[in-house]
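Trainee: Sequence:
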Amino acid sequence: MKSKVETILDNYRIKLARKERLIEPFIKRKNESFSCNWCSEVEYVKYKQLEAEINLLKIVISDLEYVIE
1 MKSKVETILD NYRIKLARKE RLIEPFIKRK NESFSCNWCS EVEYVKYKQL
51 EAEINLLKIV ISDLEYVIE
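For the record, in the sequence shown the residue sitting at position 66 is 66 according to the numbering used here, with numbers rising by one throughout.
I should point out that these hints are in silico values taken from the structure, not numbers from a laboratory.
Predicted, not measured: the structure shown is a model, and the values here were computed from it.
Cβ atoms here follow ideal geometry from the backbone N, Cα and C, with glycine treated the same way.
Certain hints may be false.
Using 25 Å as the maximum straight-line C-alpha spacing, the simulated SDA-like pairs for lysine to any residue come out as follows [to be verified]:
| hint | residue 1 | residue 2 |
| --- | --- | --- |
| 1 | K2 | Y12 |
| 2 | K2 | K58 |
| 3 | K28 | E41 |
| 4 | K48 | Y12 |
| 5 | K4 | K46 |
| 6 | K30 | R18 |
| 7 | K48 | E69 |
| 8 | K4 | E69 |
| 9 | K30 | I54 |
| 10 | K30 | Q49 |
| 11 | K15 | A52 |
| 12 | K46 | K2 |
| 13 | K46 | I27 |
| 14 | K19 | I59 |
| 15 | K19 | L9 |
| 16 | K58 | I27 |
| 17 | K58 | F26 |
| 18 | K15 | I27 |
| 19 | K19 | A52 |
| 20 | K58 | E20 |
| 21 | K48 | K4 |
| 22 | K58 | L16 |
| 23 | K19 | V42 |
| 24 | K4 | I14 |
| 25 | K28 | K46 |
| 26 | K58 | V45 |
| 27 | K48 | K2 |
| 28 | K46 | A17 |
| 29 | K15 | I61 |
| 30 | K58 | R29 |
| 31 | K58 | E69 |
| 32 | K15 | S62 |
| 33 | K19 | I68 |
| 34 | K48 | I68 |
| 35 | K58 | A17 |
| 36 | K4 | N55 |
Computed spacing ranges between beta-carbons, pair by pair [what the hints assert, rightly or not]:
| hint | residue 1 | residue 2 | range |
| --- | --- | --- | --- |
| 37 | A52 | M1 | 30 to 36 Å |
| 38 | E6 | V42 | 21 to 27 Å |
| 39 | K46 | V5 | 30 to 36 Å |
| 40 | M1 | E43 | 39 to 45 Å |
All chains should be built: construct the whole structure from the sequences, respecting the hints.
Mentor: This is the structure in structure tokens:
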């Protein structure tokens, strides 16, 4: 049976995977454009927000993995 920490870790991994799928179109567009011309400031803000959320989730997951060990 999984501990609460392992269950929470699994949930964060799922959230991370979802966020990474959401950011893929932004990254693809960024890589295709050499000057990184975004369609709008709103898209850029969404991209940066997703990027920050992904980085935060990676930190939380890393910390939880450390706790489990």
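Trainee: Does L16 lie within 25 Å of K58 when you go C-alpha to C-alpha?
Mentor: Holds - the C-alpha atoms of L16 and K58 are around 7 Å apart, at most 25 Å.
Trainee: Run the distance test for K15 versus I27: straight-line Cα separation, threshold 25 Å.
Mentor: Holds: K15 and I27 sit about 18 Å apart, inside 25 Å.
Trainee: Taken at face value, is the distance from the CA of N55 to the CA of K4 at most 25 Å?
Mentor: holds, 23 Å
Trainee: Next pair to validate is K58 with F26; report whether the Cα-Cα distance is within 25 Å.
Mentor: The given pair, whose Cα atoms are some 19 Å apart, holds under the 25 Å limit.
Trainee: Taking 25 Å as the top limit, are the C-alpha atoms of K4 and K46 close enough?
Mentor: violated, 32 Å
Trainee: Given the proposed pairing of K4 with E69, does the C-alpha separation stay at or below 25 Å?
Mentor: holds, 14 Å
Trainee: Given the proposed pairing of K48 with Y12, does the C-alpha separation stay at or below 25 Å?
Mentor: This hinted pair holds, its Cα atoms lying about 19 Å apart.
Trainee: Verify the proposed pairing of K58 with E69, using a straight-line Cα cut of 25 Å.
Mentor: holds, 17 Å
Trainee: Given the hint of 39 to 45 Å, is the C-beta distance from M1 to E43 inside that range or not?
Mentor: Holds: the Cβ-Cβ distance is about 44 Å, inside 39 to 45 Å.
Trainee: Checking one constraint from the list: CA of K19 to CA of L9, max 25 Å. Satisfied?
Mentor: holds, 15 Å
Trainee: Quickly compare the C-alpha distance for K46 and A17 to 25 Å and report which way the hint goes.
Mentor: holds, 17 Å
Trainee: Taking 25 Å as the top limit, are the C-alpha atoms of K15 and S62 close enough?
Mentor: At roughly 14 Å apart (the allowed maximum being 25 Å), S62 and K15 satisfy the hint.
When held up to the earlier numbered hints, the structure conflicts with 5, 7, 12, 21, 27, 34, 38 and fits the remainder.
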